[in-house]
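> Okay, here's what each chain looks like letter by letter:
There are 2 protein chains.
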Amino acid sequence: MERLHELLERIIQRVNINLREPMFDVGPYVRGLIPWQQLIKFYAFYGITPHHPLNFHFCRSNLSGSYFLGKCHVSDAILYKSDIRGDELKRKGDIFQFEGFEIPLHDDETIRIKDSYLIKTLVHSNSHDPENLEDFIIQNTVSAHYTNIHGSDVEGCFLGPFSTVDLTTLHDCVIGEYVYLQVRELAHRQIPAGTVWVSNPDRFDFSFRHDPENLKKYIRLERGAPPDGIFMTFVDQRKGEFQRIFDVVNLKSPFAFAQGSSLNRYAVIKPKTQISQNVLVAQRAYIENTWMGSGANAQENCYILHSRLHGNNVTAHGAKIIHAELENKVFVGFNSFLQGAVDAPLHIGEKSIVMPHTIVDLAEPVHIPAEHLVWGFVRTQKDVVENSIALNELAAISGYFERGAMRFQGDGRLFVDGFKSRIEHILEANGAYCDGTTQIGHAQRSQNISFNLMQPYADGELKGLYPTIAIHS
Amino acid sequence: MERLHELLERIIQRVNINLREPMFDVGPYVRGLIPWQQLIKFYAFYGITPHHPLNFHFCRSNLSGSYFLGKCHVSDAILYKSDIRGDELKRKGDIFQFEGFEIPLHDDETIRIKDSYLIKTLVHSNSHDPENLEDFIIQNTVSAHYTNIHGSDVEGCFLGPFSTVDLTTLHDCVIGEYVYLQVRELAHRQIPAGTVWVSNPDRFDFSFRHDPENLKKYIRLERGAPPDGIFMTFVDQRKGEFQRIFDVVNLKSPFAFAQGSSLNRYAVIKPKTQISQNVLVAQRAYIENTWMGSGANAQENCYILHSRLHGNNVTAHGAKIIHAELENKVFVGFNSFLQGAVDAPLHIGEKSIVMPHTIVDLAEPVHIPAEHLVWGFVRTQKDVVENSIALNELAAISGYFERGAMRFQGDGRLFVDGFKSRIEHILEANGAYCDGTTQIGHAQRSQNISFNLMQPYADGELKGLYPTIAIHS
Numbered sequence: 500m501e502r503l504h505e506l507l508e509r510i511i512q513r514v515n516i517n518l519r520e521p522m523f524d525v526g527p528y529v530r531g532l533i534p535w536q537q538l539i540k541f542y543a544f545y546g547i548t549p550h551h552p553l554n555f556h557f558c559r560s561n562l563s564g565s566y567f568l569g570k571c572h573v574s575d576a577i578l579y580k581s582d583i584r585g586d587e588l589k590r591k592g593d594i595f596q597f598e599g600f601e602i603p604l605h606d607d608e609t610i611r612i613k614d615s616y617l618i619k620t621l622v623h624s625n626s627h628d629p630e631n632l633e634d635f636i637i638q639n640t641v642s643a644h645y646t647n648i649h650g651s652d653v654e655g656c657f658l659g660p661f662s663t664v665d666l667t668t669l670h671d672c673v674i675g676e677y678v679y680l681q682v683r684e685l686a687h688r689q690i691p692a693g694t695v696w697v698s699n700p701d702r703f704d705f706s707f708r709h710d711p712e713n714l715k716k717y718i719r720l721e722r723g724a725p726p727d728g729i730f731m732t733f734v735d736q737r738k739g740e741f742q743r744i745f746d747v748v749n750l751k752s753p754f755a756f757a758q759g760s761s762l763n764r765y766a767v768i769k770p771k772t773q774i775s776q777n778v779l780v781a782q783r784a785y786i787e788n789t790w791m792g793s794g795a796n797a798q799e800n801c802y803i804l805h806s807r808l809h810g811n812n813v814t815a816h817g818a819k820i821i822h823a824e825l826e827n828k829v830f831v832g833f834n835s836f837l838q839g840a841v842d843a844p845l846h847i848g849e850k851s852i853v854m855p856h857t858i859v860d861l862a863e864p865v866h867i868p869a870e871h872l873v874w875g876f877v878r879t880q881k882d883v884v885e886n887s888i889a890l891n892e893l894a895a896i897s898g899y900f901e902r903g904a905m906r907f908q909g910d911g912r913l914f915v916d917g918f919k920s921r922i923e924h925i926l927e928a929n930g931a932y933c934d935g936t937t938q939i940g941h942a943q944r945s946q947n948i949s950f951n952l953m954q955p956y957a958d959g960e961l962k963g964l965y966p967t968i969a970i971h972s
Numbered sequence: 500m501e502r503l504h505e506l507l508e509r510i511i512q513r514v515n516i517n518l519r520e521p522m523f524d525v526g527p528y529v530r531g532l533i534p535w536q537q538l539i540k541f542y543a544f545y546g547i548t549p550h551h552p553l554n555f556h557f558c559r560s561n562l563s564g565s566y567f568l569g570k571c572h573v574s575d576a577i578l579y580k581s582d583i584r585g586d587e588l589k590r591k592g593d594i595f596q597f598e599g600f601e602i603p604l605h606d607d608e609t610i611r612i613k614d615s616y617l618i619k620t621l622v623h624s625n626s627h628d629p630e631n632l633e634d635f636i637i638q639n640t641v642s643a644h645y646t647n648i649h650g651s652d653v654e655g656c657f658l659g660p661f662s663t664v665d666l667t668t669l670h671d672c673v674i675g676e677y678v679y680l681q682v683r684e685l686a687h688r689q690i691p692a693g694t695v696w697v698s699n700p701d702r703f704d705f706s707f708r709h710d711p712e713n714l715k716k717y718i719r720l721e722r723g724a725p726p727d728g729i730f731m732t733f734v735d736q737r738k739g740e741f742q743r744i745f746d747v748v749n750l751k752s753p754f755a756f757a758q759g760s761s762l763n764r765y766a767v768i769k770p771k772t773q774i775s776q777n778v779l780v781a782q783r784a785y786i787e788n789t790w791m792g793s794g795a796n797a798q799e800n801c802y803i804l805h806s807r808l809h810g811n812n813v814t815a816h817g818a819k820i821i822h823a824e825l826e827n828k829v830f831v832g833f834n835s836f837l838q839g840a841v842d843a844p845l846h847i848g849e850k851s852i853v854m855p856h857t858i859v860d861l862a863e864p865v866h867i868p869a870e871h872l873v874w875g876f877v878r879t880q881k882d883v884v885e886n887s888i889a890l891n892e893l894a895a896i897s898g899y900f901e902r903g904a905m906r907f908q909g910d911g912r913l914f915v916d917g918f919k920s921r922i923e924h925i926l927e928a929n930g931a932y933c934d935g936t937t938q939i940g941h942a943q944r945s946q947n948i949s950f951n952l953m954q955p956y957a958d959g960e961l962k963g964l965y966p967t968i969a970i971h972s
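Line by line, the protein sequences are chains X and G.
If you use our numbering, the first sequence corresponds to residues 500 to 972, in order.
If you use our numbering, the second sequence corresponds to residues 500 to 972, in order.
I should point out that these hints are in silico values taken from the structure, not numbers from a laboratory.
Careful, some of the hints might be misleading.
If chains are identical, the list can't say which one is meant, so a pair holds when it fits in one copy or spans any two.
Listed below are the simulated BS3-like cross-link pairs for lysine-lysine, each with C-alpha atoms no more than 27 Å apart in a straight line [stated by the list, open to error]:
{"no.": "1", "residue 1": "K962", "residue 2": "K591"}
{"no.": "2", "residue 1": "K919", "residue 2": "K589"}
{"no.": "3", "residue 1": "K540", "residue 2": "K962"}
{"no.": "4", "residue 1": "K962", "residue 2": "K589"}
{"no.": "5", "residue 1": "K738", "residue 2": "K751"}
{"no.": "6", "residue 1": "K540", "residue 2": "K751"}
{"no.": "7", "residue 1": "K591", "residue 2": "K613"}
{"no.": "8", "residue 1": "K738", "residue 2": "K769"}
Make a model of the complete structure from these sequences and hints.
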């Protein structure tokens, strides 16, 4: 196991060199965080389909419990129960549009992860950095539990638990717990826990910050200990359900599912669940006693329990929905936590948008009206007033606006239209509108995946490291 | 699936070109023999240990249910539930001794399989061809169910079911059902079913042929159909037991086993079985209600039921032992079938040698005395007389000798001493004599194997083919 220890120390050193300004030592947040036995216990796996490019290269790494799809090179890294989903990578010949530039890709894009330690992290989409079109780079970086790295090159960073870096290139930053960032590019910054910040320079800027004391109940990270709080308790309580499906090699779903839908065999589907057509349930999603209407999706690390999703609902990576009814086309952003209860259900009207990293934890029944944007922290119906706005009201804004702790600056219409078109893009990409022959998306392309399993050396000085493995079509 | 069909036809063509003299069409013995669904159903797997060199390369092949260890390159081949065991390959720097030559190896040996279709075949040991020291070659070859290719380069051959090619280089040969060959080199020959032939030119020549009509009850192969007979029925009846152990990814043995022993997690161990120290049970072995004495081993495709093996017993690849008591150091050769019954048990005295491909199928209790060589077909105590010889009697022979249908020519002492030293070598290699620190062998080195699983494309024109996979340390 000597080499695995060396690898961890080497990664800490690399990240710390990047983080010398701001001065930050990732060591106490990483050392001993995942017991060594865990790094040896779980197999890694990769998907093979005729619909995705295939090119993997794994070298001098530990990949415990992690999943890979598409094209991905990993070297000198520890990837613990992470999902590296290369099904939206750019392809050779694609044209990348950026501020008037039209740049053709000269090769298929590849995810490149090196000198990094990712814990239960989701990597998805493709690099939105115009400087690195063929490479989606994650380097000299530590990401904690349930981080989303979405379309973002990340170099020399520490990403706190349940944080999301979305379409943003990051250099040498420390990102706090539950931060959501979508700001194009950021360097040498420390972003405090609970910040939700969407910024498109010269167009709009949306920001909110969760109350730090309140947030600690949900998620907190302290030196030398794993993250703690309601979010962690919630997922830990359901860990056992996943064990069973990881223990067997091939698993036939006990559920008949509708045309055009796909339930990943590494998802947990519990009774009584209804899966309608064109539904996509990704690996590590958890669905229980829920109606998934036509074209609805549940992405990685989503938990949807005791709920009814009417159709074409997007539930982004890591979102949780409990005791809720979501009308048609409701969007729930990354890592949002929507917790109703039997006697305090949540109802959201159609086409409403739940901002990423929103916490709804109900003490009474709450209704969020149709075509609203909701953010922040909602516990009662009264909280909805200070944490939401009608989309048409937001679209009419030009200049500065504030409501509760939310600040908006810029062109509201661009913000709303941008969000709407992104939701449409997600639904299309996921195959929500597939008629069987056209508008095929992830749901249809993911129906026939073969999974190959990799394990590390079980003994000797290489114990815990995987051999060098290269796979291509 | 188009490519998989093309691959099969291409293999048939390659083998038939080699077998134009003797003119033989392998097509009817291969086409449709394994249903296409089977070729897609079972995962392939390879072992990773710190004790074996690691280098795999798989390309344009179907590997359904097959197992790989050591160094192995497979291209344009179909390997169905075969075991490619590279744990006895020669290493760089080894000195190969051959008739006065001492040839140092300039590289690790690699098993190279191309343009071939192997069905439930075992490949083991290392190439004994002095012309190909670094390559153990299997090319343009079809092997049927339960063939053993042991230390033998094979080019352009058809190997019938339950045949064994042992330490013999074969070119352009057709080998019948249940043939055992250990003759150094053979080209352009057809060997009839049931032949057992051991020949060391200028030293000795042992030969026997099973009665063709009697053999058909045990194993027969006809054009266009899978092999049939008692051997096939016996293994098919126990197939279900293996399903369970292949379905789960990692399996902890429910048995406590003794120091220095190893039970492969892909073996079936049924109650009430006793595993003593330094016992080796290989993958795809089946043990039920049996006492495995210290240093005993059960190799691939062995079945040992309701028996007592006193210790240091070698049960070679594919041998079956039912209702038998085997004293110390009894050797049972490849694919032998020793079937006693509750009221007709078999007893074999110590240090006796059961020739490969011997059938003992008892109608009454039978005792084979100590230090005897037994061959052929034994049903009663009377049959033992015509199918065995005391080792010291055999060692005294010089010249021609016959007993029953067995013919011997040459130096009996060389034959007996050669056999004895080979048995000692096998026991040493398997770790039968390990004291915990010295004389470590397969039993001890195989205790901590990680298994990685590979599956083919599940869809599209590549359906059934595995992607290109390269693995090294």
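> Can you give me the call for K962 and K589, within, between, both or neither, at a CA distance of at most 27 Å?
Answer is between; shortest inter-copy Cα gap is 25 Å, intra-copy 36 Å.
> Between the shortest in-copy and the shortest cross-copy C-alpha distance, which are at most 27 Å for K540 and K962: within, between, both, or neither?
For K540 and K962, the Cα distance is within 27 Å only inside one copy (11 Å; across copies 31 Å).
> Checking an output row: K738 and K751, CA cutoff 27 Å. Within, between, both or neither?
both (20 Å within a copy, 21 Å between copies)
> Measure nothing new, just compare the shortest in-copy and cross-copy C-alpha distances for K591 and K613 to 27 Å and report within, between, both or neither.
For K591 and K613, the Cα distance is within 27 Å only inside one copy (23 Å; across copies 33 Å).
> Is it within a copy, between copies, both, or neither that the alpha carbon of K962 lies no farther than 27 Å from that of K591?
between (38 Å within a copy, 24 Å between copies)
> With identical chains, the pair K540 and K751 could be close in the same copy or across copies; at 27 Å between alpha carbons, which is it: within, between, both, or neither?
both (24 Å within a copy, 12 Å between copies)
> When no copy is specified for K919 and K589, does a C-alpha distance of 27 Å or less occur within a copy, between copies, both, or neither?
within (22 Å within a copy, 64 Å between copies)
> As a check of your reading, is K738 near K769 (CA-CA no more than 27 Å) within one copy, between copies, both or neither?
within (14 Å within a copy, 32 Å between copies)
In terms of the numbered hints stated before, the structure departs from none.
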